[in-house]
Structure formats: structure tokens, C-alpha cells
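Once you have looked at the hints, place chain B on chain A.
What follows is each chain in one-letter form.
Number of protein chains: 2
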Amino acid sequence: MRTLGIALIGLGAVGRAFIALLQARRAYLAAQYNLDVKLVGVATARRGTLFCPEGLDLAALSAVASAELSAYPDQARLLRTLEPLSLLTRPSVDVVIELTPTVYARDAEPAMSHIRAALAAGKHVITANKGPIALAYPELRAQAAHRGVFLGFEGTVMGGTPALRMARQGLAGCQISAVRGILNGTTNFILSEMESGKSYAEALSEAQARGYAEADPSNDVEGIDAAGKLIILAHVIFGKALGLDEIGREGITRLSQADIQAAQASGERWKLIAQAAIQPDGQVSASVKPMRLPLSDPLAQVGGGMNAITYQTDLIGAVTLIGAGAGGTATAYALLSDLIELAEQL
Amino acid sequence: MRTLGIALIGLGAVGRAFIALLQARRAYLAAQYNLDVKLVGVATARRGTLFCPEGLDLAALSAVASAELSAYPDQARLLRTLEPLSLLTRPSVDVVIELTPTVYARDAEPAMSHIRAALAAGKHVITANKGPIALAYPELRAQAAHRGVFLGFEGTVMGGTPALRMARQGLAGCQISAVRGILNGTTNFILSEMESGKSYAEALSEAQARGYAEADPSNDVEGIDAAGKLIILAHVIFGKALGLDEIGREGITRLSQADIQAAQASGERWKLIAQAAIQPDGQVSASVKPMRLPLSDPLAQVGGGMNAITYQTDLIGAVTLIGAGAGGTATAYALLSDLIELAEQL
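Chains as they are written, first to last, in the numbering used here: chain A, 262 to 607; chain B, 262 to 607.
So that you can see chain A by itself, here it is in the shape it has in the complex (with noise of 0.2 Å):
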């Protein structure tokens, strides 16, 4: 059996579900995999810090995840004070899992110094932030063939459905040429709220009020999100390193309730489009924007909060693939299929 200790740095609704899938999942890491997980260390900005070699008690520490870390009870050689950087860098963490909120579109942090961290202390990385992914992916990949360690980061584009799995393993010997998805679903769930008859305000409250939507909606809604996942797919499909100010963007918010029914009127539906293709050249061209769909194209028919992505390839034409785009215990299965990927490698 091979041990893996885990150090969790943030600690929201995926941290939390990430912590109930490893309680549940234990014995079929084991039976499949021969793999013990052991949650090390968990860190958190304001609600406190545990770290324990041994391994911390995932029931005890489910019981008080949303609430201060201070109320986890006492074991031996538990530790309450490490900062992230010191606790990530211990030797009984193996892989750093880093799940702290950032502002991608600015400089990612504080992920991106915990992910460099723990790079360079030799420590296998897995992460659902798209931010540090988006930014400095070729830096972070060369520093992790540098130490020989495992940089996964599948949750970072559609929540658990594995798009970049897909494009990386499922259509491996296939070139990919162009790719065009939905990759926001809170755009998606109000582009559909707004073909019920909503208007755009009335959708995005109601995006807001499910959760779906932050206070300040200008990332999801300008298109900042889905450009985002767009130059993570940029790397990993076409090894093309995209600036955010290199995707040509437009948001949904100038998409009035006419506009909506003039598509419907013709068959048709908006909906926010992610799209990158490159050229003999090497050239990519990348875009997020709005366009009217044929109710024929596999995309118009993606409703609410779903995603989906289609890769155009060479030897087997367009692939689709249409899945949940969110979620906590979604993104959480994103990380534990990372984990059975470094599983596998080890």
C-alpha cells in the first residue's frame, strides 16, 4: 500500500466536499488503486490551521470544516499554528492541494506563490484554481518536469466533467485544430432564464439569488471566467501561452430580451461561446462572445448551468462532450481523478 499525505490549502465548498469524497472513497482508493490517502494538514486565512503527520480524523474534521479549525478535537502531535507555506513544505506532505479563492484575471495569489512553494520543495500539486493555471502554466509545468513531480488541475475547466482528460488522454494521436465551448454556466443559466422571458436584470437576480452568481457578476458576465478556462485549453491542447488581453471579449450583458426572441424567432439561440483555433501558422486566435446557434449545433441545446466543449480533430471530426460546469462535490471528483492519475504514475 502506498501512502499519499495530503496538505489541503483552502478550505470552501470543494475543500469540504473534497473531504467527504476521500472518507468515502477510502477503501475504493485501496482496492483500486492501493492507495492510503492521508489528509496531513489544512489550512485556511482566517478560520485557523491543522496539521498532524499522522493524519488527521477526516469525520472530526468534516464535523467542524465550515466552522473555526479550533474546534477540532486534540491528537497527538496535532499542530495549530503553521502558516500554508510552512505547513505545505513538511515532509509528510506529498501533494499540496490548493483551493484558496483568488482573482485570476490579477495575479492569482495567494495560490500562485503556495503552487511555486510547493513546486519547489518537491511536493506533487493538484489545484482547482484556474488562476496560477491560466497565468504562468508553461513555468509551473517546466518547474514540475524540473523536480519530477505531478501538476494536476482537470477542475480548473468544466468542474468535474473532464474536458482536459478528454483532450490530453481520450483523444491522444488525434491533432486538435479548433476548440468552441460553453464554459461558464452561470452565463449559460442566464441566457436560458432570459429565453423563459426574464430580462437580463431579472436573470442575473435570479442567478444571484441561487448562488450562481456573485455580488460583482463582471467576471462571469464579461466573459472573464470562460477567457480564463480558454487559455488554460489554449495550453494544454495547442502548447500556446494566451495574455487575457489576446482574446477578443465580449459578455453577455448588452443581450436585451428583443435579442433573445429575434434568435428564437429564427431557430436559433445565444449563448456565450469560448472558441480558439489554430493556424498552419501556429497563429491561435481565441475568442469569448455571444452568438446566435442553429438548434442543430450539440451546443444550443445546453441549458442552465450545464457546460460543454467540442474539439475538432483530424481523424475523427468533432467530439462533444456536455457535462456539469460546477459544483462542489463535482470539482472535488476533479481532484480525487487527478490523484488517481499521479496514483497511477507513482
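Derived by calculation from the structure, the hints in this document are not laboratory data. Cβ atoms here follow ideal geometry from the backbone N, Cα and C, with glycine treated the same way. Wrong hints could be hidden among the right ones.
Stated by the list, open to error - Distance ranges between label pairs, derived from CB positions:
1) A/GLY528 / B/SER460: 47 to 55 Å
2) B/ASP477 / A/GLN293: 39 to 47 Å
3) A/GLN469 / B/ASP477: 54 to 62 Å
4) B/GLN540 / A/ARG287: 18 to 26 Å
5) B/GLY504 / A/ARG341: 43 to 51 Å
6) B/GLN606 / A/GLN284: 29 to 37 Å
7) B/GLN540 / A/ASN295: 38 to 46 Å
8) B/ARG307 / A/GLY528: 46 to 54 Å
9) A/GLY565 / B/ALA523: 25 to 33 Å
10) A/ARG341 / B/GLU400: 55 to 63 Å
11) B/VAL364 / A/ALA382: 36 to 44 Å
12) B/GLN436 / A/ALA321: 44 to 52 Å
Then chain B, alone, in the frame of chain A:
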């Protein structure tokens, strides 16, 4: 550089496309997977066989692959008289790719005998033939495990679209409780043609004229082909061996233009749906039958010769994959993708 000697048994459209693909991807396989693929033998039932331990010339073979292999030019150590079963057990053969025409619902011969012989001789086996996998997967898998060899069959379901790889790798760590799909392109094409006003007979004639349907179309239109793919999915996903008689099966032959129009009037669409689900007690129920789907169902929008599959999972809900379900190059790609998976395990 690792060299793999390949024997190709069966040289129809898929085999010829595979030879072309090997030519096109030779440099890629070397650079990406450190793999030198050498086609050492090819066998047909009535057009001759060729075997050369140093490898056949792919360009020369391509030139004669649609006709008599006797037109292939002489080369040192070339043999033209080997029987398939003698050819595939030669020491220079590492991988047997089985592509002979078979009737899967009967005995899947001669593919079954070829695959058994290849595994018994310790050869890796890759096939796009449904028959042997649907009929005897537990036996063949056990034999492959016993000999420590690879058994690849991605091309048996949805052609080149990585439906099985998605279930095995892309969704690793999820539990799949149900699968539901459009697994036969011929019937989907016929139904799409009927939607545009043709009668069943006219639509079938059109499918036959395009080469999608055979002169005796029963394997497709009676749902036998889709049932075979469902059996393979049940093997892979649920670890259950279903017999063809355990699948509730109804074809599309009784659908009339009136049925099509009635569905259209209700905002629905007929599709030939193959589905299987596992119950908590481990029982698997499976059927292939025409169903009326609402247009909002991702499968309702899959038109023409396309295929699609939806996996119902515990952690990420429904995941749908849409892509081409047949085609020489696409199925040849499935063989290549198995070869790549094998190479990564060596």
C-alpha cells in the same frame, strides 16, 4: 526506441485506413511515445497474405491493399503463403490487430479463433470487432491477464469516439449507474431522413445507396448491432455479462411517418435508444428500443450518422459524449488509440 511488430488480420476499409494512419503518424509515434511500429504481416481471407519479419513497405502495401496482395513487390524474407493462425503466432509479431468480417450474434468467427490464438501465444490484441468482445469478454480478459498482454477494443463502440476510454479513464473514481445512448449510426440516419418526410422504405433505400446500410439491413434496423455494443458497455462498466436474449430489443422497422409526425407535433423526436442500468442488488437491466425524446434531451439533437452516449454518474451527474460512430479513418484511429495505450504500459 521500442519496436512493436504488428500483424493485421482482415484488410477492409478500416484496415486500409489503419495502414494509411500508420504512415501518417509514424514520426509522431516515435517522437511522442518512443515507439517504432512495424507492420510485419497482413492476412485476408481471399486476397492472400503477406509476412516479412523486417516489416512490410507501407506505401507499396497501400498501393495494392484494395486488390490482390500478390501484386505486392518481392522483398527479402517475404512469405506469401502463411495461414492467418500461423502468421499471427510468429515471434516477430507483438500485436495482433483483428479486423475480419464477423457475424457477432452467431459465433463471431473467425475473429474469435484468431483472438484466442493470439492471446494464447502471448500476443497483445487490438480489435474493432464487436463479436468476440460481446460474446466472450470475461474469458478473453482473463486470458490476457494470465499472459500479461493487452486487450484493446475501443473501436467496438462508437467507432473512433472514445466512449469506452471515457468510462474507463475519464470517469475513473466515479460510479456509473446507467448508460444510455444512440449507438447505431445507420438507424439514426434513417430516422433523420424520416424526419425530413421520407417513408421508412425510402429512408432505408437512401441509407443503402450511401453504403450505411447493408443489403440485408436487419443487423442495424432490428437493433442487434446496438445490443452488441450495449453488451460490451455492460462488461466494461458494470462487470456483467449479458446475453443478447437478456436485452429487451425492438428495432425501428415498425415506425411509420405518422409516428414521426406525432412526435414532432409534441416537440419530441424518435431515437433508437440503447440503455442499461445497474440496480443496487447488482442486477443489470438493458434494452434497445425506439423512444420519443424531448428536444431538450442532448440525445434528441444527435442527427444523421452521429452517435452519442450519456453516462449517469454518482459524483458528476450526467456526462454526454457525442461523435461519429463509424467510418474507416475514425475506427482506424480507435486502433491507434489502443496502440498508444499499450505503448504507455510497456
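Check: Okay, B/ASP477 versus A/GLN293 on CB: inside 39 to 47 Å?
Finding: For B/ASP477 and A/GLN293 the Cβ distance comes to about 44 Å; the hint holds.
Margin query: Range first: 36 to 44 Å. Now tell me if the beta carbons of B/VAL364 and A/ALA382 are that far apart.
Written below: For B/VAL364 and A/ALA382 the Cβ distance comes to about 60 Å; the hint is violated.
Notebook entry, point to check: Does the Cβ distance between B/GLN540 and A/ASN295 fall inside 38 to 46 Å?
Noted result: The hint (38 to 46 Å, Cβ to Cβ) is violated, given that B/GLN540 and A/ASN295 are roughly 29 Å apart.
Next item on the list: Indicate whether the distance between the beta carbons of A/GLY528 and B/SER460 respects the range 47 to 55 Å.
Entry: With a Cβ separation near 25 Å, A/GLY528 and B/SER460 fall outside 47 to 55 Å, so the hint is violated.
Check: Do B/ARG307 and A/GLY528 keep their Cβ atoms within the hinted range of 46 to 54 Å?
Finding: holds (51 Å)
Margin query: Does the beta carbon distance between A/GLY565 and B/ALA523 stay inside 25 to 33 Å, or does it fall outside?
Written below: holds (28 Å)
Next item on the list: Hint says 18 to 26 Å; check whether the CB-CB distance for B/GLN540 and A/ARG287 agrees.
Entry: For A/ARG287 against B/GLN540, whose Cβ atoms are near 25 Å apart, the range 18 to 26 Å holds.
Note to self: Can you tell me whether the CB distance of B/GLN606 to A/GLN284 sits inside 29 to 37 Å?
What the structure shows: The hinted range 29 to 37 Å holds for B/GLN606 and A/GLN284, with Cβ atoms some 31 Å apart.
Check: Is it true that B/GLN436 and A/ALA321 lie within 44 to 52 Å of each other by Cβ?
Finding: violated (26 Å)
Margin query: Between the beta carbons of A/ARG341 and B/GLU400, is the distance compatible with 55 to 63 Å?
Written below: holds (57 Å)
Next item on the list: Take the C-beta atom of B/GLY504 and the C-beta atom of A/ARG341, compute their distance, and say whether it sits inside 43 to 51 Å.
Entry: violated (60 Å)
Next item on the list: Starting from the range 54 to 62 Å, see whether the pair A/GLN469 and B/ASP477 falls in it by beta-carbon distance.
Entry: holds (59 Å)
In the structure shown, a violation is registered for the earlier hints numbered 1, 5, 7, 11, 12, in ascending order.
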